[in-house]
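A.B. asks: Sequence:
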Amino acid sequence: MSKAPIAELPRSVDPNKLAEQNTKLEGVVPFKGLSRFCEAVPGLPDDGACSVKLAFYRDGERRRIVSGELSAPVVLECQRCMGDMQATLKSRFDLGLVISDEQAQRLPKALEPFLVEDFSADLWEMVEDELLLVLPPFPLHEREQCPAKEDLEALEVSEAAEEPETEQRKENPFSVLAGLKTTKH
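With full-length UniProt numbering applied, the sequence shown corresponds to residues 1 to 185, in that order.
Note that these hints are calculated values from the structure, not bench results.
Treat the hints with care, since some could be wrong.
In the BS3-like style, the derived pairs of lysine-lysine whose C-alpha atoms are separated by at most 27 angstroms in a straight line are [to be verified]:
1) Lys-53 with Lys-90
2) Lys-109 with Lys-24
3) Lys-32 with Lys-53
4) Lys-53 with Lys-24
5) Lys-53 with Lys-17
Estimated spans, in silico, between C-beta atoms of each pair [said to hold, decoys possible]:
6) Leu-177 with Gln-86: 20 to 28 angstroms
7) Asp-101 with Asp-47: 32 to 40 angstroms
8) Asp-101 with Tyr-57: 21 to 29 angstroms
9) Phe-174 with Pro-139: 52 to 60 angstroms
10) Leu-177 with Ala-148: 44 to 52 angstroms
11) Ser-12 with Ala-148: 41 to 49 angstroms
12) Glu-8 with Asp-84: 22 to 30 angstroms
13) Gln-86 with Lys-53: 41 to 49 angstroms
Glycine included, each C-beta is placed from N, C-alpha and C at the ideal position.
Turn these sequences into a full structure, and let the hints steer you where they fit.
C.D. replies: Set out below in structure tokens:
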């Protein structure tokens, strides 16, 4: 029994109509269609993609909402050892559909605004924004899995050995003032 490939998420939709119809979308967004993300994460595979699930609906206050989750397997550069590291970027988000900055300011804090123009929204751009938000600023392997683990431990041992000596040598430059404080003139 073979599993059918997941379809590509449509790029442009009418989110207001989808919210009125309580629509759920599921699909993938190819990395090659996300230029800003490709610039931020060099070396992405050409055939790589982000899996996305979206639910469009109206909440109790009659606001149009899009809730979603995404998952994207990527290879990042560990900032400790400068080697490749496998990672999966994941995000869950709730966006309020708005047509103006005034509407965006009235949204509750739990909702991020998603600006919709002329009954059309670019879902790929929305996914790209979310991916950029969850991209770690300093990706690091787990300490035990990092190839630079031995170097890091050796550095910590040598720093720990040096610390007591430097603390003993340091004399408080204000200790002289403490003696002046107790003498009366």
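A.B. asks: Against the structure shown, which of the earlier numbered hints fail to hold, in ascending order?
C.D. replies: Numbers 6, 9 and 13 - these are the hints that the structure violates, sorted from lowest upward.
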